[in-house]
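K.L.:
Now for the letters of each chain:
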Amino acid sequence: MAEIHLEIPPRLDYLAVVRLVVATAAALDPPLPDSRLDDLRLAVTEACSNAIKAHRPEAEDEPVVISCRLEDDRFQVDIRDRGSGFDPDALTVLPDVDDPKRLQHESGLGIPLIRVLTDEVTFEPAPDGTIVSMTLNRSSPST
Amino acid sequence: MAEIHLEIPPRLDYLAVVRLVVATAAALDPPLPDSRLDDLRLAVTEACSNAIKAHRPEAEDEPVVISCRLEDDRFQVDIRDRGSGFDPDALTVLPDVDDPKRLQHESGLGIPLIRVLTDEVTFEPAPDGTIVSMTLNRSSPST
Amino acid sequence: MELEISDSDAAVDTHGWTVLTATGEIDVAAAPGLREQLVALIEGGSNELVVDLEGVDFIDSTGLGVLVGAVRRARSAEGDVRLVCTNSRLLKVFDVTGLDEVFTIVESVDDAVTVAADQG
Amino acid sequence: MELEISDSDAAVDTHGWTVLTATGEIDVAAAPGLREQLVALIEGGSNELVVDLEGVDFIDSTGLGVLVGAVRRARSAEGDVRLVCTNSRLLKVFDVTGLDEVFTIVESVDDAVTVAADQG
Ligand SMILES: Nc1ncnc2c1ncn2[C@@H]1O[C@H](COP(=O)(O)OP(=O)(O)O)[C@@H](O)[C@H]1O
Ligand SMILES: Nc1ncnc2c1ncn2[C@@H]1O[C@H](COP(=O)(O)OP(=O)(O)O)[C@@H](O)[C@H]1O
Numbered sequence: 049m050a051e052i053h054l055e056i057p058p059r060l061d062y063l064a065v066v067r068l069v070v071a072t073a074a075a076l077d078p079p080l081p082d083s084r085l086d087d088l089r090l091a092v093t094e095a096c097s098n099a100i101k102a103h104r105p106e107a108e109d110e111p112v113v114i115s116c117r118l119e120d121d122r123f124q125v126d127i128r129d130r131g132s133g134f135d136p137d138a139l140t141v142l143p144d145v146d147d148p149k150r151l152q153h154e155s156g157l158g159i160p161l162i163r164v165l166t167d168e169v170t171f172e173p174a175p176d177g178t179i180v181s182m183t184l185n186r187s188s189p190s191t
Numbered sequence: 049m050a051e052i053h054l055e056i057p058p059r060l061d062y063l064a065v066v067r068l069v070v071a072t073a074a075a076l077d078p079p080l081p082d083s084r085l086d087d088l089r090l091a092v093t094e095a096c097s098n099a100i101k102a103h104r105p106e107a108e109d110e111p112v113v114i115s116c117r118l119e120d121d122r123f124q125v126d127i128r129d130r131g132s133g134f135d136p137d138a139l140t141v142l143p144d145v146d147d148p149k150r151l152q153h154e155s156g157l158g159i160p161l162i163r164v165l166t167d168e169v170t171f172e173p174a175p176d177g178t179i180v181s182m183t184l185n186r187s188s189p190s191t
Numbered sequence: 017m018e019l020e021i022s023d024s025d026a027a028v029d030t031h032g033w034t035v036l037t038a039t040g041e042i043d044v045a046a047a048p049g050l051r052e053q054l055v056a057l058i059e060g061g062s063n064e065l066v067v068d069l070e071g072v073d074f075i076d077s078t079g080l081g082v083l084v085g086a087v088r089r090a091r092s093a094e095g096d097v098r099l100v101c102t103n104s105r106l107l108k109v110f111d112v113t114g115l116d117e118v119f120t121i122v123e124s125v126d127d128a129v130t131v132a133a134d135q136g
Numbered sequence: 017m018e019l020e021i022s023d024s025d026a027a028v029d030t031h032g033w034t035v036l037t038a039t040g041e042i043d044v045a046a047a048p049g050l051r052e053q054l055v056a057l058i059e060g061g062s063n064e065l066v067v068d069l070e071g072v073d074f075i076d077s078t079g080l081g082v083l084v085g086a087v088r089r090a091r092s093a094e095g096d097v098r099l100v101c102t103n104s105r106l107l108k109v110f111d112v113t114g115l116d117e118v119f120t121i122v123e124s125v126d127d128a129v130t131v132a133a134d135q136g
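Protein chains in written order, with our numbering: chain A, 49 to 191; chain P, 49 to 191; chain D, 17 to 136; chain U, 17 to 136.
Check before you lean on any hint, since a few could be wrong.
Footprint (simulated), chain P over chain A, 3 or more residues, beta carbon under 8 Å [as the list claims (entries may be wrong)]: (1) 54-62; (2) 83-96.
Under 10 Å between C-beta atoms, here's a sample of chain P residues computed to sit facing chain A [as the list claims (entries may be wrong)]: (3) Leu76; (4) Asp82; (5) Leu85; (6) Pro105; (7) Val169; (8) Thr170.
FRET-style restraints, in silico, Cβ to Cβ [said to hold, decoys possible]: (9) U/Thr39 / P/Arg104: 19 to 25 Å; (10) U/Gly71 / D/Glu123: 29 to 35 Å; (11) P/Arg163 / A/Pro136: 35 to 41 Å; (12) A/Gln152 / D/Ser104: 27 to 33 Å; (13) U/Val55 / P/Ala107: 49 to 55 Å; (14) D/Leu107 / P/Ala107: 32 to 38 Å; (15) A/Pro79 / D/Ser104: 38 to 44 Å; (16) P/Asp121 / A/Ile179: 34 to 40 Å; (17) A/Arg163 / D/Asn103: 21 to 27 Å; (18) U/Asn103 / P/Thr170: 28 to 34 Å.
To be clear, the hints were calculated from the coordinates, so they are not data collected in a lab.
Note that this is a predicted model, so its numbers are computed, not measured.
The C-beta atom is built at its ideal place from N, Cα and C for all residues, glycine as well.
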């Protein structure tokens, strides 16, 4: 079982690095299928951009940490920030797509996307922040 | 000053990930010029492939660690392995290029390349291995 | 991400629609630039907009949000924003978010400027 | 890295030289495949070889070592390995290692198969 850890400054311009690392790692032996790589790239982007936005300014010298575990049957990635934490079950639910009010909402799509793109996701309070753990199985895309 | 850390399993198929991370990080604000990015990509590949080859089999669960520091005037990268160490000044010197014996040597070009591509390099024995530290200045390519 | 706006000399007749061609990645870093451009166009009176996404290979939720906002602004000015997209990667993202039912998504700029208004 | 070998039906007349076209990255992971191919060709009697590097965007010391070994083998069989390369990235690596003085580097396959032997 191989592991990769990446620590980045809490800055949005590092998101492209994160996407590259995670997708390249997941394309190694045995590779995730292409469509799952797309899911992974987007889910990781969403989780990491939330982590970077949540990271406390006082903690700007501490990194956002991305840890990947490549297992035979699945790819797992944890993203850890130094933010104030949140309750994922208490988020505003977006109006239905056929509700004209849907157009009022330009944000709030990140967590729903993570939920649909991954096979499993947990949001754990960590001392001083949050750990988002996402799992993508190699087989049977969830979508 | 931003820092990026990357930990990879000691396997040569991770070299492409390392190249990507380091070059992407160095292309961020303020970016290294393109020709220096090429120097960096190659120097890091050479140092990392030596690190991976030197890593002791018993230490296969311990990572090779790549740490980048982005400073205003230079880019620094350390590569740390769990190998047996070596004396960089005791390496075989390759024959001159106009010596027919030069063609006998298919290896031994890594360290000379690192020396010419970087502005500064040190090989420090670390507890349990080696740390290769390379610096590339943003201005004045050395080559 | 790169942006390019069609001018009136364009080879293709766009029937008065303005075509904005985006290329690259529309992520949280690029989205503000796209939003600024779209808002400027709509506030400048170009509320019939085509956003050509054929050269875009990645879009995140921030990029989607920008498109949602542009559609709202254009429609409330009796216009629309139509998306040209055949890339299955992006179509999947529109699909899983349900936004394929909110956006008008067509296969070419030509389709975008000729489909009847009520198909949106 | 991908490899392709010219066959005798090729459109370009290679004056009996065999052309091996490499694309991608020739790094420590890809080098063994390149070495195997070159050794097989030379041992099979094709000691006049052109390696077309125009599609290669990265080469490391292991890749350089494979080319050195191929040149040695070919020359000791009275042949040569000639490299087609105009990419400044790769030329710089040949330059800083001094290997530009060891290899015969030309700008096109056509040049490779027509330059006089002693220009090597
Ligand atoms: N890692 C995190 N730490 C703290 N809060 C978070 C984190 N991730 C998400 N949130 C909260 O959840 C909200 C919804 O996130 P999301 O669905 O990604 O939409 P958006 O980022 O567009 O608001 C965010 O606005 C933020 O308040
Ligand atoms: N990180 C390292 N740990 C231990 N030995 C090393 C390390 N880096 C280089 N070496 C030693 O130095 C030698 C020369 O390295 P190099 O110039 O890169 O050429 P090559 O890898 O082709 O032998 C290697 O063969 C190895 O014995």
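K.L.:
So, for every hint listed, does it hold in this structure?
P.N.:
Here is how each hint holds up against the structure:
Check result for the segment 54-62 of chain A against chain P: holds, 7 residues qualifying (beta carbon to beta carbon below 8 Å, three or more required). Restraint check on the segment 83-96 of chain A versus chain P: 0 residues with Cβ-Cβ distances below 8 Å, three needed, restraint violated. The restraint placing P/Leu76 at the interface with chain A holds, with a minimum CB-CB distance near 6 Å, inside the 10 Å limit. Interface hint at P/Asp82: violated, since its Cβ lies 17 Å from the closest Cβ of chain A, which is beyond the 10 Å cut-off.
Here the hint on P/Leu85 is broken, as its CB sits about 14 Å from the closest CB of chain A, past 10 Å. Taking 10 Å as the C-beta contact cut-off toward chain A, the hint placing P/Pro105 at the interface is violated, the least distance being around 15 Å. For P/Val169, the shortest C-beta to C-beta distance to chain A is roughly 23 Å, which exceeds 10 Å, and the interface hint is violated. A hinted interface residue such as P/Thr170 counts as satisfied when its beta carbon comes closer than 10 Å to some beta carbon of chain A; here the least separation is about 23 Å, so the hint is violated.
Between U/Thr39 and P/Arg104 the beta carbon distance is about 35 Å. The supplied range of 19 to 25 Å is therefore violated. Between U/Gly71 and D/Glu123 the beta carbons are some 33 Å apart, a value that agrees with the proposed interval 29 to 35 Å. The given range of 35 to 41 Å is broken by P/Arg163 and A/Pro136, whose C-beta atoms sit roughly 51 Å from each other. Separation of A/Gln152 from D/Ser104 is about 29 Å and conforms to the stated range, judged on CB atoms against 27 to 33 Å.
Distance hint check: the CB atoms of U/Val55 and P/Ala107 are about 33 Å apart, inconsistent with the given range 49 to 55 Å. Checked against the hint of 32 to 38 Å, the C-beta distance between D/Leu107 and P/Ala107 comes to roughly 46 Å, which is inconsistent with it. The hint said 38 to 44 Å for the Cβ distance between A/Pro79 and D/Ser104, and at roughly 19 Å that hint is violated. Separated by about 36 Å at the C-beta atoms, P/Asp121 and A/Ile179 satisfy the suggested range of 34 to 40 Å.
In this structure, A/Arg163 and D/Asn103 meet the distance hint of 21 to 27 Å, their C-beta atoms being roughly 23 Å apart. Under the hint 28 to 34 Å, the C-beta atoms of U/Asn103 and P/Thr170, about 31 Å apart, fit the expected range.
The structure fails hints 2, 4, 5, 6, 7, 8, 9, 11, 13, 14 and 15 (numbered hints given earlier, in ascending order).
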